[in-house]
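Q: Just so you know, the protein sequences line up as chains C and V, in that order. All letters in the first sequence, in the order written, are residues 1 to 353 by our numbering. All letters in the second sequence, in the order written, are residues 1 to 248 by our numbering.
Read the hints as simulated data drawn from the structure, not as lab findings. Here the structure is a predicted model, which means the values were calculated and not measured. Among these hints, one or two may not hold up.
Here are some chain V residues pointing at chain C (derived, C-beta under 7 Å) [to be verified]:
| id | residue |
| --- | --- |
| 1 | Gly42 |
| 2 | Ile45 |
| 3 | Met64 |
| 4 | Ala68 |
| 5 | Ile79 |
| 6 | Val82 |
| 7 | Glu104 |
| 8 | His107 |
| 9 | Gly130 |
| 10 | Pro134 |
| 11 | Tyr197 |
| 12 | Gly201 |
Glycine is no exception: its CB is placed at the ideal position from the N, C-alpha and C atoms.
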Amino acid sequence: MSKVLMKGNEAISEAAIRAGCKAFFGYPITPQNEIPEYMSREMPKNGGVFVQAESEVAAINMVYGAAGCGVRTMTSSSSPGIALKQEGISYIAGAELPCVIVNIVRGGPGLGGIQPAQSDYNQSTRGGGNGDYKLLVYAPGNLQEMVDLVQESFDKADYYRNPVMVVGDGMIGQMMEPIEFRPAPKMDLPAQPWATTGTKGERKPNIINSLFLKPEQLEDHNIRLTAKYATMKENEQRFETFNMEKAEVVCVAYGTTSRIVKNAIVALKEEGIEVGLIRPITLWPFPQKAFAEYPETAKSILCVEMSMGQMIDDIRIVNEGRLPVDFYGRSGGMIPTPEAIEEKLRSMVGGAK
Amino acid sequence: MAMVYERSEGLVNVQTHYCPGCTHGVIHKLVAEVLVELDVLGDTIGVAPVGCSVLAYDYFNCDMHEAAHGRAPAVATGIKRVKPNNVVFTYQGDGDLASIGTAEIVHVAHRSENITTIFVNNAIYGMTGGQMAPTTLIGQKATTAQAGRTVEGMGMPLRMSEMLATVPGAAYIERVSVHSPAAIRKAKKAIKNAFQYQLDGKGFSMVEVLSTCPTNWGINPVDSLKWLEENMIPYYPLGNFRTPGEEK
Ligand SMILES: Cc1ncc(C[n+]2csc(CCOP(=O)(O)OP(=O)(O)O)c2C)c(N)n1
Ligand code: SF4
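Take the sequences, apply the hints, and build the full model.
A: This is the structure in structure tokens:
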């Protein structure tokens with residue numbers, strides 16, 4: 001198969017269509033507009049449906065309706081839009097429906113800006129919707145991984161009957177890279193006897209619902225959901241490590257920042273400073289397994305993010321107080337330079353060697 | 001012996017949770033009978049709202065989808081777009097449709113989504129205990145308008161059928177009532193028309209049904225019917241507000 005040069009947002013759209021996405025509901029917001037634009041053009045050609053909803057609230061509820069019919073469904077947005085979608089995401093998780101949600105993150109809070117940021121870490125992993133629920137959250141670090149994960153997301157969503165979120169920042173959405181569309185590994189997917197397709201008078205009505213008026217039943221539902229999330233936690237943690245063998249400092253960074261950190265690591269290696277990287281590919285479940293053992297050389301951890309420090313809590317939890325955890329971040333759409341990260345790392349190891 | 005009346009096959013045989021004398025039950029019955037008479041029950045996917053009819057999915061003998069407060073039209077859009085050959089309807093109260101879900105109902109009409117909406121207007125929030133609705137009448141008491149609704153600060157009651165009839169995409173909009181046997185017969189006819197419009201692919205159809213809430217109005221069921229007739233109908237006139245081919 002040959003490689004094609006594509007812009008991130010368009011690659012996401014094409015990957016979704018190839019994964020069998022048959023319905024896309026969206027609302028414009030920068031920097032992800034190329035996704036609904038691409039979908040409006042390509043979905044009908046591929047036997048799918050595109051609707052520009054009147055709001056993000058409506059878009060996610062359209063997803064909820066289509067997903068209830070057992071159809072592969074997707075929506076995309078950027079930070080303030082995802083905030084509006086949280087109501088529907090909670091309902092979809094509560095009703096255990098599959099769907100894929102793409103968030104091309106921009107800076108906040110509020111209207112914030114339109115430049116890349118990673119300040120939706122909490123919004124993605126903790127959710128802004130009500131109740132005890134979890135999403136499987138992927139944070140690809142390059143476009144090839146992005147298209148692979150988008151395709152896989154549809155299978156994972158169907159497999160777990162749970163929304164899957166793919167988080168990119170404005171940088172990943174807007175940049176171009178050569179990519180190859182390869183068939184995603186196919187999971188053994190369960191049938192969908194629960195889907196609302198009309199009874200045809202041949203079965204009892206199906207009900208898509210998240211209302212449990214009896215507290216015992218709602219508790220049972222939550223216990224069952226939690227068990228599902230525990231399975232996801234065990235089976236879905238994904239991460240990459242880089243230069244960890246003799247690392248003195250262990251950097252933790254995902255998405256765009258992980259690429260910059262890698263450059264800094266290569267540069268510092270020439271100075272004799274050994275820095276490793278743990279790159280979470282799943283933000284939820286957070287890749288605890290990557291932190292099970294540090295190299296003997298490791299003295300501290302540095303969390304690098306384009307935020308004021310949101311992932312740091314998860315790092316502290318899995319680190320269990322073993323190493324000191326430091327932070328370097330830029331916010332508001334500012335992208336950290338490799339030089340600044342190098343400077344920070346030098347200061348942590350007591351200067352150049 | 002000839003059977004003169006029986007439960008519609010469109011309804012499940014369960015006990016009702018509605019208050020005695022509440023007309024939600026009558027409206028359920030009409031929708032169910034229409035779906036059976038049009039022979040579409042097995043193809044129907046209904047969307048239940050938030051409000052007293054939140055449990056509508058327990059009563060209709062067809063596939064059902066529960067929606068968040070006000071979002072039923074968006075959920076129905078998602079369903080209808082991926083299942084264009086199914087019959088899709090929303091069942092919504094006035095708090096659901098005329099307050100939190102105003103945007104969704106306007107836009108489902110605006111896109112002329114080929115669905116049918118049953119809009120139950122009882123001029124109050126039933127489920128949450130009698131708070132004011134956008135449709136509460138002037139002078140009508142509610143727990144959040146204890147001296148009665150005034151225009152000042154609360155506005156005039158919102159006439160949704162009239163408003164939606166101005167939306168170009170709306171195909172069929174009719175207001176009916178269920179305060180008397182004659183009115184109920186007319187209501188059923190309108191509901192049947194509305195679903196027929198959907199079956200004919202004509203676009204968005206809505207029937208607003210004036211309904212009672214004896215519990216929160218604080219009036220017994222029989223007097224509630226009278227109160228509806230004497231107070232609601234003058235402000236919410238019955239009749240057709242839009243049929244296709246008619247530009248208003
Ligand atoms: C987001 C949200 N806000 C508020 C509520 C609380 N709530 C439940 S029912 C209801 C009012 C429903 O009134 P209406 O639609 O008129 O239906 P009725 O109960 O009168 O049949 C409200 C405000 C909710 N469930 N969700
Ligand atoms: S509270 Fe009112 S609307 Fe609700 S069931 Fe009782 S009478 Fe009907």
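Q: Of all the hints given earlier, name the ones this structure violates by number, lowest first.
A: 9, 10, 11 and 12
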